[in-house]
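I would like the entire structure built from these sequences, with the hints used as guidance.
Quick note, the sequences are listed as chains C and A, same order.
Under my numbering, the first sequence has 240 at position 240, and the numbering climbs by one with no breaks.
Under my numbering, the second sequence has 55 at position 55, and the numbering climbs by one with no breaks.
Errors might be hidden in some of the hints.
Put simply, identical chains are the same to the list, so a pair is met inside one copy or across any two.
Using 27 Å as the maximum straight-line C-alpha spacing, the simulated DSSO-like pairs for lysine-lysine come out as follows [to be verified]:
#, residue 1, residue 2
1, Lys91, Lys68
2, Lys91, Lys110
3, Lys113, Lys91
4, Lys111, Lys91
5, Lys134, Lys91
6, Lys51, Lys68
7, Lys233, Lys2
8, Lys23, Lys110
Hints listed in this document are in silico derivations from the structure and should not be mistaken for laboratory results.
2 protein chains.
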Amino acid sequence: MKDKLTIIKVGGGILNDQNIFEKFLFNFSKINGKKLLIHGGGIIASNLLIKLGISPKLVKGRRITDKKTLEVAIMTYAGLINKTIVSKLQKHNCNSIGISGVDCNLILSKKRKVKDIDYGLVGDIEEVNGGFIKTLLCSNITPVVCSLSHDGNGQILNTNADSIASHISIEMSNYYNVSLKYCLDKSGVLIDQNKTSSLLKNINLSYYKELVEKEIIIDGMIPKLDNCFYALKNEVNNVSVGGHDIIKNNFTNITLD
Amino acid sequence: MKDKLTIIKVGGGILNDQNIFEKFLFNFSKINGKKLLIHGGGIIASNLLIKLGISPKLVKGRRITDKKTLEVAIMTYAGLINKTIVSKLQKHNCNSIGISGVDCNLILSKKRKVKDIDYGLVGDIEEVNGGFIKTLLCSNITPVVCSLSHDGNGQILNTNADSIASHISIEMSNYYNVSLKYCLDKSGVLIDQNKTSSLLKNINLSYYKELVEKEIIIDGMIPKLDNCFYALKNEVNNVSVGGHDIIKNNFTNITLD
Numbered sequence: 001m002k003d004k005l006t007i008i009k010v011g012g013g014i015l016n017d018q019n020i021f022e023k024f025l026f027n028f029s030k031i032n033g034k035k036l037l038i039h040g041g042g043i044i045a046s047n048l049l050i051k052l053g054i055s056p057k058l059v060k061g062r063r064i065t066d067k068k069t070l071e072v073a074i075m076t077y078a079g080l081i082n083k084t085i086v087s088k089l090q091k092h093n094c095n096s097i098g099i100s101g102v103d104c105n106l107i108l109s110k111k112r113k114v115k116d117i118d119y120g121l122v123g124d125i126e127e128v129n130g131g132f133i134k135t136l137l138c139s140n141i142t143p144v145v146c147s148l149s150h151d152g153n154g155q156i157l158n159t160n161a162d163s164i165a166s167h168i169s170i171e172m173s174n175y176y177n178v179s180l181k182y183c184l185d186k187s188g189v190l191i192d193q194n195k196t197s198s199l200l201k202n203i204n205l206s207y208y209k210e211l212v213e214k215e216i217i218i219d220g221m222i223p224k225l226d227n228c229f230y231a232l233k234n235e236v237n238n239v240s241v242g243g244h245d246i247i248k249n250n251f252t253n254i255t256l257d
Numbered sequence: 001m002k003d004k005l006t007i008i009k010v011g012g013g014i015l016n017d018q019n020i021f022e023k024f025l026f027n028f029s030k031i032n033g034k035k036l037l038i039h040g041g042g043i044i045a046s047n048l049l050i051k052l053g054i055s056p057k058l059v060k061g062r063r064i065t066d067k068k069t070l071e072v073a074i075m076t077y078a079g080l081i082n083k084t085i086v087s088k089l090q091k092h093n094c095n096s097i098g099i100s101g102v103d104c105n106l107i108l109s110k111k112r113k114v115k116d117i118d119y120g121l122v123g124d125i126e127e128v129n130g131g132f133i134k135t136l137l138c139s140n141i142t143p144v145v146c147s148l149s150h151d152g153n154g155q156i157l158n159t160n161a162d163s164i165a166s167h168i169s170i171e172m173s174n175y176y177n178v179s180l181k182y183c184l185d186k187s188g189v190l191i192d193q194n195k196t197s198s199l200l201k202n203i204n205l206s207y208y209k210e211l212v213e214k215e216i217i218i219d220g221m222i223p224k225l226d227n228c229f230y231a232l233k234n235e236v237n238n239v240s241v242g243g244h245d246i247i248k249n250n251f252t253n254i255t256l257d
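Written as structure tokens, this is what we have:
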């Protein structure tokens, strides 16, 4: 039987609230068994861009990663956020290592092709080096992975953290019984965005499609849940979506059937 | 007999010149056998501080690391510079990993005590986790280490890269026959700062003391050479100081006797 591996993707809102962030990391450090944390940090990167007088570039509401924006992403994701997380986990005796998709060729990607929008220096994942993660986990090291990849030819690429979480979970399912959790600002999948009590305990693929059609599930929640179903379809054992309280664990459980 | 390990500390001036930086990394990737790269990035951090409207704080010519300065150091050292180096080394088929002293408790330090000057969030090295570096090297992974450490209690500390280089070299001498090279903006130890032809081929401890007394060796070169002699006194096999051209290798060789 395969060992259990918990993979958590933590959202930007949690990283940006000092109290919640501290509590989240303490709880994460207490998870039994092997674990891995994935983070981005879009909000913190945006704040730095503004401080530097660089206007975030958006086309049809989607962020464009130009050279300067990528530099700020590398500084905040791989630098400030990643090392802050690792230093706090070390304090809680969780021996961790902060890495990006560039390190040890963890995530190879291709610059997204230009169709209607040129997203700039954004990568779509091609390959995850699961063997390297396994080596770390076998040495009882907890990887903390930030949302950058590279093309193998010297170009770092901004990469969606939700997508990294599903791809790493799929790859690691070759070795482990993977439980993937997305931790968001809100509590999970809600029927009424203003009522925490409307949290769904479960959602399957057909119900998801129905809620998208009725425009109850909208905006950023759609690609997030698409990543969840993609992971489930590719042998990830367990996928859920919830808030920052991983101890309480009242997450929405995602299933195919 | 111990395996050979080449440890190189690269200076800020080299990192800041695009052409020299590219050539340096290409040459580094071609070094035979096990190797490790150490970098800081003070010049690039200073530029970002200025862009953010933060005045570098200096007391008696020495930089003071306050909270904002530390954040900028983390962003530039562990973020932009570290990941740029790793992505370029991967391009040259040198499988590398970018880490700081925080990752896997690589470098534990203590905040420098306040005597006449309060340097702020600066760490003096207490312990290097050589076993972790050995694990990486044994897996044919080249560590790229940036100049940050931590106190084990959640505080990241700015740490002198020259000092990290000597401490890591001393620790790794338990396992390897270590050759430590400091790559500077200038060519090595010069008798006349304006004449490359005045480069010393060798310098020993007594000659060094003589040149310091005559004020021929001055300023930043003194702590750098002190680090070299400290390494030699603590079993590091070979120490030299030179420019960016590690292939030509016309470095000043440092010896005790």
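Here is how each hint holds up against the structure:
{"no.": "1", "hint": "Lys91 with Lys68", "in the structure": "between (33 Å within a copy, 22 Å between copies)"}
{"no.": "2", "hint": "Lys91 with Lys110", "in the structure": "between (37 Å within a copy, 14 Å between copies)"}
{"no.": "3", "hint": "Lys113 with Lys91", "in the structure": "between (42 Å within a copy, 21 Å between copies)"}
{"no.": "4", "hint": "Lys111 with Lys91", "in the structure": "between (37 Å within a copy, 16 Å between copies)"}
{"no.": "5", "hint": "Lys134 with Lys91", "in the structure": "both (24 Å within a copy, 23 Å between copies)"}
{"no.": "6", "hint": "Lys51 with Lys68", "in the structure": "both (13 Å within a copy, 13 Å between copies)"}
{"no.": "7", "hint": "Lys233 with Lys2", "in the structure": "within (19 Å within a copy, 50 Å between copies)"}
{"no.": "8", "hint": "Lys23 with Lys110", "in the structure": "between (36 Å within a copy, 25 Å between copies)"}
Checked against the numbered hints above, the structure violates none of them.
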